[in-house]
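J.: So the sequences go chain by chain: A and B. Going by the numbering used here, the first residue of the first sequence is number 528, and it counts up by one from there. Going by the numbering used here, the first residue of the second sequence is number -9, and it counts up by one from there.
Any given hint could be a false lead.
DEER-style ranges, computed between Cβ atoms [stated by the list, open to error]:
1. 118/B <-> 531/A: 28 to 38 Å
2. 666/A <-> 118/B: 20 to 30 Å
3. 682/A <-> 288/B: 37 to 47 Å
4. 717/A <-> 305/B: 41 to 51 Å
5. 724/A <-> -8/B: 54 to 64 Å
6. 663/A <-> 159/B: 55 to 65 Å
7. 631/A <-> 174/B: 30 to 40 Å
8. 118/B <-> 693/A: 28 to 38 Å
9. 306/B <-> 722/A: 34 to 44 Å
10. 285/B <-> 599/A: 39 to 49 Å
11. 174/B <-> 534/A: 23 to 33 Å
12. 722/A <-> 305/B: 50 to 60 Å
To give an idea of the interface, some chain A residues facing chain B are shown, with a C-beta separation under 8 Å as derived from the structure [what the hints assert, rightly or not]:
13. 544
14. 546
15. 547
16. 628
17. 641
18. 709
19. 721
20. 817
21. 819
If you want a taste of the chain A side facing chain B, the calculated C-beta under 10 Å gives, among others [stated by the list, open to error]:
22. 644
23. 662
24. 701
25. 704
26. 767
27. 796
28. 797
29. 799
No lab work stands behind these hints, which were simulated from the structure alone. By construction, the Cβ of each residue, glycine as well, lies at the ideal position given by its N, Cα and C atoms.
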Amino acid sequence: MDQIFFNLGLLFEFPIVNLKIIIDGVMIGALFALAAYGLALVWGVMNVKNLAQGDFVIAGGYVAWWLTQQGMNPLLGVPIAFVVMWGIGWVVYKLVISRVIERDLFTSLLATFGLAIMMAQIMNLLFGSDTQSIKLDYQTLYFADGLIDVPIAKLIGVLMATSLAIAVIAFMKYSRMGQAIRATAQDARAARVMGIDTEKIYAFTFSLNAAICGAAGAIIVMVWVIQPFYGITYSVRAFVIVTAAGLGNLPGVIAAGLGIGAAEQYGSHIFGIGYQQAIAVLLLLLVLVWRLAQQRRNRQVLQ
Amino acid sequence: MSIAKLALYAALLALTVAAPFLAPDYKTQLATLWLMIIVALSWDMTGGQMGYNSLGNIFFYGTGMYVAAVVTIGIAYPVGEYTDAAGGGIFAFTPTQYFTGMVLGIIASAVFCALSALVVGYVTFGLRGPYFAIGTLGVAIAAGELVSNWDWIGGGQGISMPNYPYDFEQFKTLIYFLYAVLGIALFAFCAWLYSTRFGAAINAIRDDEEKAEAMGIHTLRYKLVAWSLAAAFVGAAGAISAFQLIHFEPLETAYQTINLGIFMVVCVLLGGKGTLWGPVIGAVMFHVFKELTWNYFLGWQWVALGALIVIVVVFFQDGLMGWLRTKRPEWFGIAVERKDRIIREEVTT
């Protein structure tokens, strides 16, 4: 308890610490937002809630890590993870997801949960249960008399995440395929009538989601650590973000992603690093309860 | 009840009593089977009968474990000192202390879990469908993480229960019968509950919650009561597990979201959701499959289990009982008029 008050006091005594926490949070939040965007995409287009989202992220990270072990430039890992995870996403779609789209939501939730367990265990068998990361030998920038340290590796990660996000958004907005995806999300039947092959759109969307997650994972392995069983917390974070922001609300997803990154950093600063996972999950509960209270208010108005 | 049915129940009961003596090497296996049956049956109370698919029932299992541990240790020694000296072994328990702790621990777990289900349910039951599943999953994960940071009850290291004061073989038999009694009580309770007005009400909530509410059913109250009943049984099962395992820790054993927490759902789906016998049959099928993969797929057993979950959910969601019900509706007392059936077949083909 004393430790918590001490940590809180630190924030007020040295306001610059806040800045450091926020910078760290925003950097990591950008990656959460990426995974959450993929989730929102799949959720919106085919109404599948993918609990294996986090495991796609971790799988992408392991692809990049493994290739670096073979002596490849770590920065190349991001595009390669994107491509590899695209393929894995397509296989997963054909084997499992395509069969649960028409079913009720609990089915897809449970099926992807099973998938998550499977993927985590396969990675555990292939790569072992140790935490892994790629060390990039870039310098660290210091600001404010060394109180704020920004490793260039992290900056590169954020830059790559941002450019990936911009590329995906531009693709969704301007390309023919992106238009078709958005049309399917609006009304799948109408899209079929218009001659859009929705089956193809679904497969494409799910593969794209897996690829985005994979690229995010390849960035995470450079700036953070990965472990086969970390997937579930990324899934939970993605759910928090999408639930808080709502579907089809892109600025909301980005804002919520950055906010959750910052909130987690604050939480682990105040309560200790051991609580970081708990905070991610408690935020989910808070968001759900908050949405619930909102709905209850609506109900009262109707009465 | 017909003679044949009575004979079947009597035979099963006799088998239950005789099993640990017929196969003494498999006592622990059989005890685990009963645990699966208990958690599957209690999951089905809300999942199958009420339509609220919780992924967080494991929360009550873990909480039951910890409540039992705290009660058992607490009546003899200060809990904080006990956990500080983890593994020191300086704390001896007399048989009286042990058995008082066991009885009180199991009762306290059931009561505590029932109450906590009321609290958690009050918050989460406003969520519908998949949101409820994710919300309850969140509760279970968060509880595990918080407990692993709580040093008073051992933190991430876990907590050790006192050792059984007598012979170890006798201990295994005792644990088996504790589970078996709880399981039979739960089965009888479910059989009774589903035939009452309460059973009809929770089935109505499953079929259409808005209409049930319009019919004058206070849905939230029914949901809370149903969940806290289920939670009491899961909590008691958790308490027995705590004694069985002797040492347990929060993330992998107590709040094991990805093991038992999902297994119970798969058991129910495998056997058939919303039926009385489905969870029992499903638990037996699942347990046999699990043990076979454990023995023959060294290292890959988890992958096989994940694959089983996916396959069951995608291809076989109605389960064995659901499949039987469509094939042989008359076995379930569903009268199908032949003519009507033929017409329906013509329409579908």
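J.: The structure should be examined with respect to each hint, and the outcome stated for every one.
T.: Against the structure, the hints:
For the pair residue 118/B and residue 531/A, the beta carbons lie near 36 Å from each other, so the given range of 28 to 38 Å is met. The hint said 20 to 30 Å for the Cβ distance between residue 666/A and residue 118/B, and at roughly 52 Å that hint is violated. A C-beta distance of roughly 45 Å is found between residue 682/A and residue 288/B, which places it inside the suggested range of 37 to 47 Å. At roughly 30 Å, the beta carbons of residue 717/A and residue 305/B sit outside the given window of 41 to 51 Å.
In this structure the hint that residue 724/A and residue -8/B lie 54 to 64 Å apart at CB holds, the actual value being about 56 Å. The hint said 55 to 65 Å for the Cβ distance between residue 663/A and residue 159/B, and at roughly 58 Å that hint holds. At about 33 Å, the beta-carbon gap between residue 631/A and residue 174/B stays in the expected band of 30 to 40 Å. Taken as a hint, the range 28 to 38 Å holds for the pair residue 118/B and residue 693/A, whose Cβ atoms sit roughly 36 Å apart.
With their beta carbons about 35 Å apart, residue 306/B and residue 722/A fall inside the hinted range of 34 to 44 Å. Range check, residue 285/B to residue 599/A: Cβ separation about 40 Å, and the 39 to 49 Å hint holds. Distance hint check for residue 174/B and residue 534/A: the Cβ-Cβ separation is about 52 Å, which falls outside the suggested range of 23 to 33 Å. Between residue 722/A and residue 305/B the beta carbon distance is about 31 Å. The supplied range of 50 to 60 Å is therefore violated.
Because the beta carbon of residue 544/A sits about 23 Å from the nearest beta carbon in chain B, more than 8 Å, this interface hint is broken. Against a cut-off of 8 Å between C-beta atoms, the interface hint on residue 546/A is violated, since the closest Cβ of chain B lies about 27 Å away. With a least beta-carbon distance of about 24 Å to chain B, the hint placing residue 547/A at the interface is violated under the 8 Å criterion. Annotation: interface hint on residue 628/A violated; nearest CB of chain B at approximately 11 Å, more than 8 Å.
A least Cβ separation of about 3 Å between residue 641/A and chain B falls short of the 8 Å threshold, and the interface hint therefore holds. For residue 709/A, the suggested interface contact is broken, since its CB lies about 23 Å from the closest CB of chain B, more than 8 Å. Taking 8 Å as the C-beta cut-off, the interface hint given for residue 721/A is violated, the closest approach to chain B being about 29 Å. At a threshold of 8 Å, the smallest CB-CB gap from residue 817/A to chain B is about 11 Å, leaving the interface hint violated.
A least Cβ separation of about 4 Å between residue 819/A and chain B falls short of the 8 Å threshold, and the interface hint therefore holds. At its closest, the beta carbon of residue 644/A sits 4 Å from a beta carbon of chain B; the interface hint therefore holds under the 10 Å criterion. This hint is violated: residue 662/A has a C-beta 27 Å from the nearest C-beta of chain B, more than the 10 Å allowed. The beta carbon of residue 701/A is not positioned within 10 Å of any beta carbon in chain B (closest approach about 32 Å), and the interface hint is therefore violated.
With 10 Å as the threshold, the beta carbon of residue 704/A stays out of range of chain B, its nearest partner Cβ sitting at about 27 Å, so the hint is violated. Contact between residue 767/A and chain B, as hinted, is supported at the beta carbon level, the nearest pair being about 9 Å apart and thus within 10 Å. The closest approach between the C-beta of residue 796/A and any C-beta of chain B is roughly 15 Å, which is over the 10 Å cut-off, so the hint fails. A least Cβ separation of about 13 Å between residue 797/A and chain B goes past the 10 Å threshold, and the interface hint is therefore violated.
Checking residue 799/A against chain B: minimum C-beta separation of about 8 Å stays under 10 Å; hint holds.
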